[in-house]
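Chemist: Sequence:
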Amino acid sequence: MDRKSLPLSNRPSIHYDPNVDVLLEMLGPYPELYEKEISEHFIDTIVYNDKSSSNIAFYRIIDNIGQDCLVLFDLPYELARISIGDICEYVIQLLDRDYYVTFLWDTFWITNYTTHLKNHIEHPALIYGYDRRKQIFFVQDYFDFFTWGRQEVTFADVRTSYTRGERPFYPGHYAMLYAHILYCKKIGNPSAPPPNLQLIRQKLQNFLMNHSYSTLEGACFGIQFLDILGKRYQANPEYISLKHCHFIVVHMQLMLCRLKVLQKHQPHNSQQYAVLIAQLNDLLTDVRKTEMRILKSQIASRYLSMDYAARLKDIKSRYAAIIGTMIDII
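When we follow the numbering used here, the leftmost residue of the sequence shown carries the number 1, and every step to the right adds one.
Take these hints with a grain of salt, some might be off.
Stated by the list, open to error - Below, simulated DSS-like cross-link-like pairs (lysine-lysine); rule was C-alpha separation at most 25 Å, straight line: (1) 296 / 313; (2) 289 / 313; (3) 243 / 316; (4) 289 / 231; (5) 260 / 289; (6) 313 / 231; (7) 118 / 243; (8) 316 / 296; (9) 243 / 289; (10) 203 / 264; (11) 231 / 243; (12) 316 / 231; (13) 316 / 289; (14) 296 / 243; (15) 313 / 243; (16) 4 / 186; (17) 203 / 316; (18) 313 / 203; (19) 231 / 296; (20) 260 / 203; (21) 134 / 4; (22) 260 / 316.
These aren't lab readings, by the way, just hints derived from the structure by calculation.
Please build the complete structure, drawing on both the sequences and the hints.
Modeler: Following this line, the structure appears as structure tokens:
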């Protein structure tokens, strides 16, 4: 086969975490499966409150997202180096078997990235197709680390990254990070039972109670990530991450999708869910306005003309009230 491109859905238009984006786009063509997975997952969060990382993400290590519908295969880097000669041919074989391949490569060697020949940054990019004649892969990623997009990456760059790429060493609890080079998944079971309402309820409770899923040093879980963002701003008002503000938007977008799924599966509570949907839409509008004010202040290189910490406190209070009512209704 000279060319292949696996389908990707563009619903919903939520882009923050490459792993989340890929899962949602893979599940998109299967409505019932999509509803179940989006309602049961993407609730709890993890944020590192130390020097290891400042990022915020959906916590997935114990979540096993897609375990009932996906075929999963992860390839350790050390194993790949001793068993695979031509990494491009190996990826092509996976694509031919309908696996979506996330390649953790060194962007220093990939021409498409703004860090090309500048900085060694490992990044998980989705490979969803190839063209042998052009010697390119079809790739989806944040090539400037801000904007989601799809580009063509040459086989030559992929091979160079694989053979010459630098991989950081993480000690202690963090040794698990970046242990693999390929993360592969495909739809294995498109059928789906109804959403597990009690599971959703428990996860929402865990999110509000900041339930700790592990003893990772500096790792915090749950809705307290909003408090941590507020503390960071108070410590340094010049440091405001637009990406982290966008994560709040993404979390609420997925919560809105979850509310609509619950409304569909609990028609006797439809009116109560309708009220919550309206409240969350109002809150989401305010968060989007906050995101735009941050963007404008950064473009204009001026201080943010609002108390961001107070805004985050208000967002947390309103969001917690909505989620608390959801728990009572389910």
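Chemist: Verify the proposed pairing of residue 260 with residue 203, using a straight-line Cα cut of 25 Å.
Modeler: holds (17 Å)
Chemist: Just to be careful, I want the Cα atoms of residue 316 and residue 289 compared with a cutoff of 25 Å; is the pair within it?
Modeler: Since the Cα atoms of residue 316 and residue 289 sit roughly 16 Å apart, the hinted pair holds (cutoff 25 Å).
Chemist: Is the hinted pair residue 313 and residue 203 satisfied, with a Cα-Cα distance of at most 25 Å?
Modeler: Measuring from Cα to Cα gives roughly 22 Å; hence the hint holds.
Chemist: Residue 260 and residue 289: Cα distance at most 25 Å?
Modeler: holds (23 Å)
Chemist: What's the verdict on residue 289 and residue 231, does the C-alpha distance respect the 25 Å limit or exceed it?
Modeler: holds (21 Å)
Chemist: Within a Cα-Cα threshold of 25 Å, do residue 203 and residue 316 meet the stated pairing?
Modeler: holds (17 Å)
Chemist: Are the Cα atoms of residue 231 and residue 243 separated by 25 Å or less?
Modeler: holds (17 Å)
Chemist: Does the alpha-carbon distance linking residue 231 and residue 296 stay inside the 25 Å limit?
Modeler: The hint holds at about 22 Å.
Chemist: Against the 25 Å threshold, does the CA-CA distance of residue 289 and residue 313 hold or violate the hint?
Modeler: With a Cα-Cα distance of about 16 Å, the restraint between residue 289 and residue 313 holds, given a limit of 25 Å.
Chemist: Would the hint linking residue 316 and residue 296 be met if the CA-CA limit is 25 Å?
Modeler: holds (23 Å)
Chemist: Against the 25 Å threshold, does the CA-CA distance of residue 118 and residue 243 hold or violate the hint?
Modeler: Roughly 22 Å between the alpha carbons, so the hint for residue 118 and residue 243 holds.
Chemist: Is residue 316 within 25 Å of residue 231, Cα to Cα?
Modeler: holds (13 Å)
Going down the numbered hints, you'll see the structure goes against none, and every one checks out.
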